[in-house]
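Visitor: Residues per chain, in single letters:
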Amino acid sequence: MLFRLEKDRYALPLSAIREVIVAPDTWTRVPRAPRAVRGVINLRGRVVPVVDLRELLDVPGAPTSTPGRVVLLDRGRRELGLLISDVDGIESIEKVGPPAPKASLAVKGLARLGALPVTVLDPDALDATVARAFTTK
Amino acid sequence: MAGASWDTSRYLSLFAGEASEHLEALGKDVVRLEQGATVALVDSMFRHAHSVKGMASSMAFEATAKLAHRLEDLLDTLRADVAKVNQAVADVILQTVDALSAHVKAATQSQPLPDSTALVVRLSELNAGLKGVPPPPVSAPPPPPVPEAAAPPAASPSGVVAVDAAAPPRFALKLKINPASNQPGVRGFLAYKRLTTLGNVFELKPPLDDIKAGRVPQGAVTLELETDQSEESITRTMRTVADVELESIGLVQRAPPPPPPGAEADRVVGQEPARTIRVRTELMDQFLDHAGELLLATARVRQIARGMPEALRPPLDESVDRLHLLVKGLHDKVMQARMTPLALITDRLPRAARDIARRRSRDVELVITGEDIELDRAIVDELADPVLHLLRNAIDHGVEPAEVRKAAGKPPKGKVALSVTRQRDRVVLELSDDGRGIDVERLKVLVVERGLMTPEQVRGLSERETLMLVCLPGLSTATDVTDISGRGVGMDAVKRVVEAVGGSLEIETRAGRGTTFRLAVPLTVAMVNLLLVGVGDEVYGLPIGKVSGVVETARGRLALSQSAPVLQWGQSVLPVHELSSLLEVPAGPASAVASPFVVVDSDEGRVALAVDRLLGQEEVVLKALARPLDLVPGLAGVTILGNGRPVFILDVARLVTA
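Chain order of the listed sequences is D and X. Using my numbering, the letters of the first sequence correspond one by one to residues 1 to 137. Using my numbering, the letters of the second sequence correspond one by one to residues 138 to 795.
Be a bit skeptical, because a hint or two may be false.
Here are some of the chain X residues that sit facing chain D, going by a computed Cβ distance under 10 Å [what the hints assert, rightly or not]:
| hint | residue |
| --- | --- |
| 1 | Phe339 |
| 2 | Ala379 |
| 3 | Leu383 |
| 4 | Leu766 |
| 5 | Leu768 |
Calculated Cβ distances over 10 Å to all of chain D for the following chain X residues [stated by the list, open to error]:
| hint | residue |
| --- | --- |
| 6 | Glu171 |
| 7 | Phe183 |
| 8 | Gln246 |
| 9 | Glu430 |
| 10 | Gly781 |
Treat the hints as calculated values from the structure; they're not laboratory data. Each residue gets a CB set at the ideal place from its N, CA and C atoms; glycine is no exception.
Please take these sequences and the hints and turn them into a complete structure.
Guide: Below, the structure written as structure tokens:
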């Protein structure tokens, strides 16, 4: 699945995604949380933490403006929400090259789709990055 | 695994569960055996061994059945003459119980059964030796049953004239269930169950079904008990049942006519099995999850109904009320079904205590009281390891060797007590030993030596805080096991588990007199009563149990102590913490007139939390925090209010320290 953070293009394996929802207007803040954590939302009775992907990946620029979209990663018995700007569509990516030298650990690599570069993310590493942000805060 | 076709494998987990229960009970009996063998006790052991044998052979575990069979033979011999029980015999029985447990475990994991031929031989030899006949060859069929030796009459109470020499004496008992008891039915039933372990119960009034249902007028229960046990032992047994008092006991002068055939059906049978089914705990968890979500969903519907046109409201409200009652009832039932007596974990402790004590050459008596108190299954499971750990610590590091104890003027046998009590919405487990206590000064030195704290930090600690140092993770990794550092092994894990279930740990010690570890845990995990408070735009829940009170005063009028604000609270002065800065969330505009201060009990003692608004009290379903939210210190859980808003529940105990 392809999506954007402002102008940059990213991709996540479709199998890792449970659903995509419109970001809510209000958030319940998480106390003592790292900066990247936007808050929690009530998803049909479940409480799901949502992380601003731009902050998590240290992409320069203003925090993702809402209304954006929230991608819900399927993490087994729980979910992790990622706040993004918008979804572009679904494409198949054949070849993933090595990531940029200073990229976050959550980046699996770079791919090309037509003329445009796409940053491919690793869902497990994203989850681990969030947990690390909590513990090293 | 041989013998387990598809058919039997379906029953494998059932076999494993039931056989393990019997073996656990058997192990417990062996420990009691060492304190004094009675016919009733050996009889109970015989029945357990017999059950295991039957189950194993129906599952075609021949080796297991054979081993159990030999154990049964040995117990049968002992039953005829309990005086033959000695340490060596008890050891072999325990060995056999262990071997049988290993068989069951192997069977469950579809592994080949361990070889226990040697033990089978040993049992046969021992049995033959006790009976005074040469051992039969091992492969031969089991020896013909010995002529049924009449059980020697157990020491009957003095002055007893037994009317019917063939039957054991019969006592008339009057019991009184404490009217303040929460569950008179359960208490009464427990008392009944205890008595049936001593003998047969007759003339039970009110009938058992009424007792179970709690229909016991004035809490009075009368019955007659036919038993070999002495009056004193009956009295002692009754003392172990909380909330039930033995009002009177006396011998019944029986009319001699033996019961006519058929009367058997009328008597209350001692081992009436409670009608139960086994449910996987995972399924119970899902029940609870769903019942909890139903409650939340109902609250949401109620909230939506408030926005409906007035004309629609009455029928809608009525339906929602009814729905809420039904869902709440369902939730309560699910919670009730999850309640499990602590005996589930305490039953294995006597055996564990014996093993630990023997390994360390200590002489220790373990006394357990209140194990029939019930807790949510999830909490009981969590407590198993911490309790065992505390027991091991108490025997390893608390109780001194006999010579040291004698020199200190103490009885040579150490005493370890586990007492379980219910205190409001908490269950308190106290594990105390009468050993040497914790050397607080040495503890301080050790903490500094290990570089865990600076001497200045240690000096500033209260006694209570100093004792909690045994829970520092660094102490557990100490390689040179001194008396104190040994105490630290795993204590951090104990503290973590207890706090994870919403409980707290306290330690008390007196040099040379012993140490007490007090675990206070909630009865259930799911429902929690909250005081909702507002901070800026956010709402947080404080568990009511931790809230001592609320004071309203203007922030500007607080007294200052060393330039930090403090709140006058009765006779004492409490430190004030802004909840917004503790939680690192923006605060609202401070009111110039008056703001509420919530006084709570934290690990640091009593503190006042400054909040912006009080939003009332609510009973909510607590949801556990999933990763990564469980990494946030100071949060106990989360819930969803009727308006659909997620609200974090604060872990008041650790809020200030974390």
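Visitor: Evaluate each hint against the coordinates.
Guide: The hints, checked one at a time:
1. Phe339: violated (53 Å)
2. Ala379: Hint on X/Ala379: violated, closest Cβ of chain D at ~39 Å, above 10 Å.
3. Leu383: violated (50 Å)
4. Leu766: holds (6 Å)
5. Leu768: Interface hint status for X/Leu768: holds (4 Å vs cutoff 10 Å).
6. Glu171: At about 47 Å from chain D, X/Glu171 clears the 10 Å cut-off, so the statement holds.
7. Phe183: Since the minimum Cβ distance to chain D is about 46 Å, X/Phe183 lies beyond 10 Å and the statement holds.
8. Gln246: Answer for X/Gln246: holds, closest chain D Cβ roughly 25 Å.
9. Glu430: Answer for X/Glu430: violated, closest chain D Cβ roughly 5 Å.
10. Gly781: violated (5 Å)
Violated hints, listed in ascending order, are 1, 2, 3, 9, 10; each of the other numbered hints is respected by the structure.
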